[in-house]
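Protein sequences, first through last, are from chains B and E.
Note that our numbering numbers the first sequence so that position 35 is 35, with each residue one more than the last.
Note that our numbering numbers the second sequence so that position 83 is 83, with each residue one more than the last.
Possibly wrong hints are sitting among the right ones.
As the list makes no split between identical chains, a pair holds if one copy fits it or if it spans any two.
What the hints assert, rightly or not - SDA-like mimics (lysine to any residue), calculated; alpha carbons at most 25 Å apart, straight line: (1) K135 with R293; (2) K133 with N290; (3) K133 with D223; (4) K184 with N253; (5) K294 with N250; (6) K281 with E72; (7) K294 with P221; (8) K137 with E23; (9) K246 with R278; (10) K44 with G178; (11) K294 with T256; (12) K294 with N181; (13) K84 with M171; (14) K187 with Y128; (15) K44 with K294; (16) K184 with A150; (17) K294 with N190; (18) K184 with D224; (19) K281 with R188; (20) K294 with R255; (21) K75 with Q98; (22) K294 with D213; (23) K294 with I214; (24) K84 with E63; (25) K84 with L175; (26) K152 with S69; (27) K281 with I214; (28) K135 with D123; (29) K184 with D67.
By construction, these hints were calculated from the structure, which means they are not laboratory data.
None of these values were measured; they are calculated from a predicted model.
2 protein chains.
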Amino acid sequence: MSEIVVIGSVAIDSVESPYGKQEECFGGSASYFSYAARFFAPVKLIAVVGEDFPPHFREVLEEQKIDLSGLEVRKGKTFRWKGKYEGDMNVADTLDTQLNVFETFCPTITQNSCDYLFLANIDPRLQYDVLQKIKVKNLVASDTMNHWIANKHDELMQVLKHVDLLVINDMEARLLTGEQNLVKALKRINSFGPSQIVIKKGAHGAIAFYGGDIFTLPAYPVDDVYDPTGAGDSFAGGMIGYLAEKDAMNVTNFRTAIAYGTVVASFTVERFSLERLREIKRETIEERLNTFRKITQF
Amino acid sequence: MSEIVVIGSVAIDSVESPYGKQEECFGGSASYFSYAARFFAPVKLIAVVGEDFPPHFREVLEEQKIDLSGLEVRKGKTFRWKGKYEGDMNVADTLDTQLNVFETFCPTITQNSCDYLFLANIDPRLQYDVLQKIKVKNLVASDTMNHWIANKHDELMQVLKHVDLLVINDMEARLLTGEQNLVKALKRINSFGPSQIVIKKGAHGAIAFYGGDIFTLPAYPVDDVYDPTGAGDSFAGGMIGYLAEKDAMNVTNFRTAIAYGTVVASFTVERFSLERLREIKRETIEERLNTFRKITQF
């Protein structure tokens with residue numbers, strides 16, 4: 001079992017969905033990722049929050065035994081995001097984004113090396129900077145978003161040359177490659193650098209590429225989707241967490257990791273914020289993984 | 001092995017996609033269904049065409065040894081549909097529909113009974129009428145569309161009471177049930193009558209219900225989607241064809257049938273019209289089914 005270092009956002013979210021409204025709840029890509037990954041392997045979180053960051057949010061991360069020595073507290077307010085989900089709830093309607101202390105975030109890297117690194121959705125310039133500072137022994141994984149694909153394209157392409165595993169959603173994959181067809185998009189992304197790619201399709205599952213082969217899974221069917229926020233980040237957390245636990249890269253582990261990511265994400269959406277993830281245990285994940293295997297086997 | 005009777009449309013389509021334009025090519029729900037089902041079991045097609053129906057389209061059905069004794073030729077023109085696919089190509093943009101002889105179609109049923117019946121997308125009043133005239137020994141399956149759900153709701157609900165297996169797409173399932181969530185939609189449809197339900201999600205696979213349990217599969221990943229027309233009908237054909245071949249209803253056959261439906265549909269979209277289906281053999285289907293199993297197993 002190896003340690004994962006994750007660099008990304010820790011945020012205060014306000015979310016509205018057909019299931020209700022949550023004001024100022026706990027969010028952020030690095031929060032979801034680390035909480036999910038920590039079911040499988042040790043996690044160190046590198047992020048920044050403001051002076052207003054509530055102590056009970058910190059306790060949520062501490063209860064999961066996440067290493068918070070890299071969580072910087074700076075003068076100012078914590079990153080805030082406000083979104084709304086409607087219809088099939090596959091895409092969030094962003095109502096407001098306040099970067100606050102996240103705007104000038106420059107990750108402080110105190111260690112020379114790590115085993116697994118996850119560069120969550122931050123400015124590719126910062127992602128590249130981190131890669132210069134830290135030697136990654138086993139796996140460099142990353143995420144990105146439409147904004148960086150459109151506005152920091154060259155910087156992102158520079159990062160991708162050093163990324164082993166890219167985990168992005170279908171919209172981002174299409175924007176990044178100019179390919180509508182996801183099989184073609186996977187092959188295209190492979191030519192940019194990553195040898196392992198997962199395209200997340202929200203409620204429609206995932207399609208992935210490893211060693212020249214395609215792999216695909218549906219989503220785990222959930223009756224009550226309260227809040228899809230963080231589903232993608234906890235997918236990545238479950239997936240990379242499992243890879244770090246196994247600590248051996250092969251096609252079987254890659255595929256099983258995607259199934260774990262799918263299952264962890266299916267818990268995330270069942271309540272607002274990190275609520276549902278806080279209720280479950282590793283056994284709960286194992287049970288659902290077995291069910292998932294049963295309901296997809298023919 | 002049992003015979004399947006299918007009642008639906010035989011049409012002349014004009015289709016435009018990013019891969020080109022096809023004028024006056026062979027189409028129709030019953031054409032795709034019967035061609036696909038015939039890889040597995042004997043099929044009798046009941047439909048109507050006009051005097052302009054090209055002999056080489058009839059030969060396509062004959063080459064697959066489909067029983068055409070129920071294919072009526074009537075004064076007038078054959079049903080015509082014109083559509084266009086763009087973007088992710090999951091939904092067709094209908095440019096023109098000319099019902100022609102299909103407008104007054106009233107299926108002539110000469111037999112008292114059949115083993116398997118597929119009521120393709122036609123007026124639910126006609127579907128009900130067929131059910132009154134023919135005794136179905138093994139399985140009544142049906143499809144429908146938004147138009148009937150919206151405008152012939154009561155007639156459709158009356159039909160559903162007598163349907164064992166409903167095969168519809170996600171948009172239709174949502175409209176029929178008022179549920180955005182497909183797990184809930186499946187349970188709702190089950191309460192309308194059908195004990196077996198498959199919701200097709202196009203490029204996103206399928207989610208199904210049988211004996212109280214959910215089953216879900218991704219689509220088979222295809223690089224070049226030329227023309228999604230008939231994918232849903234050939235899915236139903238592959239699925240019900242396999243069920244008729246096995247001739248025993250249980251959860252294993254139900255799930256494997258969905259996998260066959262998925263694979264057959266994946267061939268359909270690889271060329272325009274029935275072109276790709278005409279190139280393949282039962283062995284080609286078996287090979288892809290094996291690949292499908294491999295690329296979805298974890």
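Results of checking the hints against the structure:
1. K135 with R293: neither (36 Å within a copy, 38 Å between copies)
2. K133 with N290: neither (40 Å within a copy, 46 Å between copies)
3. K133 with D223: neither (44 Å within a copy, 39 Å between copies)
4. K184 with N253: within (24 Å within a copy, 33 Å between copies)
5. K294 with N250: For K294 and N250, both the intra-copy (23 Å) and inter-copy (15 Å) Cα distances are at most 25 Å.
6. K281 with E72: neither (28 Å within a copy, 63 Å between copies)
7. K294 with P221: Both, since 12 Å and 21 Å are each at most 25 Å.
8. K137 with E23: neither (40 Å within a copy, 57 Å between copies)
9. K246 with R278: Within. Shortest intra-copy distance 23 Å satisfies the 25 Å Cα cut-off; inter-copy 46 Å does not.
10. K44 with G178: neither (35 Å within a copy, 45 Å between copies)
11. K294 with T256: both (14 Å within a copy, 13 Å between copies)
12. K294 with N181: For K294 and N181, the Cα distance is within 25 Å only across copies (21 Å; inside one copy 29 Å).
13. K84 with M171: both (18 Å within a copy, 22 Å between copies)
14. K187 with Y128: Within one copy only: 23 Å inside, 49 Å across.
15. K44 with K294: neither (34 Å within a copy, 35 Å between copies)
16. K184 with A150: Intra 20 Å, inter 38 Å, cutoff 25 Å: intra-copy only.
17. K294 with N190: Between copies only: 21 Å across chains, 31 Å inside a chain, cut-off 25 Å.
18. K184 with D224: So K184 and D224 pass the 25 Å test across copies only (9 Å; inside, 33 Å).
19. K281 with R188: For K281 and R188, the Cα distance exceeds 25 Å both inside one copy (38 Å) and across copies (32 Å).
20. K294 with R255: both (16 Å within a copy, 11 Å between copies)
21. K75 with Q98: within (15 Å within a copy, 68 Å between copies)
22. K294 with D213: both (23 Å within a copy, 10 Å between copies)
23. K294 with I214: Classified as both: same-chain Cα gap 21 Å, cross-chain 10 Å, threshold 25 Å.
24. K84 with E63: neither (29 Å within a copy, 54 Å between copies)
25. K84 with L175: both (23 Å within a copy, 22 Å between copies)
26. K152 with S69: neither (30 Å within a copy, 64 Å between copies)
27. K281 with I214: Between copies only: 24 Å across chains, 31 Å inside a chain, cut-off 25 Å.
28. K135 with D123: within (20 Å within a copy, 66 Å between copies)
29. K184 with D67: Neither: 39 Å inside a copy, 40 Å across copies.
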